Amino acid sequence: MFPDEAAFRSLVEQSSDTILLLDPAGTVAYANPAAEQLFGRPLANLIGEEFGGISTAEEQSDIYIPHPQRGNVATNARSTTIRLDDIPYTAVYLRDISERVQAEERLRQSSVALDAIDQGLMITRPDTTIVAVNPAFTTITGYTEEEALGHTPELQRTGRQEDEESFTEMRRILEREGHWTGALWRRRKNGEIYQEWLSISPVHRDNGDLMYYVAIFSDMTAINQLRQLAHHDYLTGLFNRAALQQHLDEEMRRTARYGDVFSLIMFDLDHFKAVNDRHGHDTGDRVLQQVAELTLDEVRDIDITARWGGEEFMILLPATDGDQAQVLAERIRKRIARTAFPEAGYITISLGIAEVPCWRKPAGYAHTPGPGPLQGQGNPQPL
Amino acid sequence: MFCVSTSPGSTATAERAIDNLRRLVAELEEDGRRVDVEVIDILERPQLAEDERILATPVVIKKLPEPLRRIVGDLSELDKVLIGLDLKEH
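First to last, the protein sequences are chains A and B. Be aware that the first sequence starts at 1, since it is given in my numbering, and climbs by one per residue. Be aware that the second sequence starts at 1, since it is given in my numbering, and climbs by one per residue.
I should point out that these hints are in silico values taken from the structure, not numbers from a laboratory. Here the structure is a predicted model, which is why all the values come from computation and not from measurement. Ideal Cβ placement from N, Cα and C applies to all residues, glycine included. Each hint should be verified, as a subset may be incorrect.
Label-pair distances were calculated between CB atoms; the ranges are [unchecked claim]:
| no. | chain 1 | residue 1 | chain 2 | residue 2 | range |
| --- | --- | --- | --- | --- | --- |
| 1 | B | R22 | A | R205 | 54 to 64 angstroms |
| 2 | A | D86 | B | R23 | 27 to 37 angstroms |
| 3 | B | Q47 | A | D86 | 36 to 46 angstroms |
| 4 | A | S166 | B | R22 | 51 to 61 angstroms |
| 5 | B | P67 | A | I47 | 14 to 24 angstroms |
| 6 | B | R53 | A | V203 | 37 to 47 angstroms |
| 7 | A | V203 | B | E66 | 50 to 60 angstroms |
| 8 | A | R171 | B | L78 | 29 to 39 angstroms |
| 9 | B | L78 | A | Q69 | 33 to 43 angstroms |
| 10 | B | E30 | A | E49 | 30 to 40 angstroms |
Please work from the sequences and hints to get the whole structure.
So this is what it looks like as structure tokens:
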């Protein structure tokens, strides 16, 4: 009959788990060769020693083996009663889980530190199942630990095509290179879409197998707002002077290299001081905001509209000659002149146009946007 | 009782074993028995653990009344522990 007794013996002897047989007094009656390693002593010194009875929760539990060199080795213990010649022996199966326990402890210790930081933390298995998050994760994403654990980062997908593509690309690079850093658009629990700066690194077992991915991320909303503040006019939301100057420099370089042409329109509001004096600065501010909105409504997506200062506005029109700029300038002038501003009534603007480079300057207009608009205050001329 | 309460991962098991030991003591005292218990961390007193020839922790050793008995594990099966320690009839 197969397996015969010798086969059973070799099954037990070659097991990588330790197998002990305890007599009713808890003394070791048999130990397989794996026990030598676990207990750190020869089998002869183990057999006849008193292990004790065993009582563990449910079927299995952790017990610790004091090893002369390795300290206390964590094992997972299972036991069962075996009757031999009608004497109840206890078979004990011990599996060395020290590596797992140490890894979890390291993870736990690092999460204690990471609980305190304001960057979001997410730890996933290689299949991207989330196994740990920190409080900042909840602050940023709106998902609690219970809501996140067991799910995958799919939880936060925005559903937008371009974000899906970025996500797929990120996964591809992560699999190929092992780590990834960059910005991604994600969705909070409340539905809000936000950008996060994300860094993903792998954690490997001693044998090199991938064990976890650790993702650290921060919410870019605040920094995006700062960037917005740095480049935009706080009142109108248009680009500010510094941002326009930057675009202007770029456009000059581009024009010089490719022999292209671009144009500038500058305008200011006539008698704006009187609007402020008569209706107050709040009304003046609202007029500036409404002028900005009307202007944005007329320009093309590629045009750069800026508040140059006070009541002065400047529009950079890439790949546009002076004639085309003149058409747009006229549209803006008419649009504003025909608008009844809720508090200030009718307002006119004066404009100047420049084509760059300047050898094709349109008749009747300055070739640079100069210190001020061409038409004098209160005398808007038909362009 | 011998346990390891300060080594990575072992704290939870040691705490569970100590809790169960408390329940066990309470049960014995209800029966009017006097119980003296000593909890020893083998990392703090390794020589004592060696003298007692401890093979695994947590372990509770009953010294008196004789016979000497020891039970390994978190002691969660109270009845089985009492029987194993020879403090209750089978």
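Okay, the hints, checked on the actual structure:
1. B:R22 <-> A:R205: 54 to 64 angstroms: Given range 54 to 64 angstroms: violated, Cβ gap about 38 angstroms.
2. A:D86 <-> B:R23: 27 to 37 angstroms: Between A:D86 and B:R23, where Cβ atoms are some 33 angstroms apart, the hint holds.
3. B:Q47 <-> A:D86: 36 to 46 angstroms: holds (41 angstroms)
4. A:S166 <-> B:R22: 51 to 61 angstroms: holds (56 angstroms)
5. B:P67 <-> A:I47: 14 to 24 angstroms: The hinted range 14 to 24 angstroms holds for B:P67 and A:I47, with Cβ atoms some 21 angstroms apart.
6. B:R53 <-> A:V203: 37 to 47 angstroms: Since B:R53 and A:V203 have Cβ atoms about 39 angstroms apart, the given range 37 to 47 angstroms holds.
7. A:V203 <-> B:E66: 50 to 60 angstroms: holds (52 angstroms)
8. A:R171 <-> B:L78: 29 to 39 angstroms: Once the Cβ atoms are compared, 51 angstroms apart, the range 29 to 39 angstroms for B:L78 and A:R171 is violated.
9. B:L78 <-> A:Q69: 33 to 43 angstroms: holds (36 angstroms)
10. B:E30 <-> A:E49: 30 to 40 angstroms: holds (35 angstroms)
In this structure, the hints that do not hold are numbers 1, 8, in rising order.
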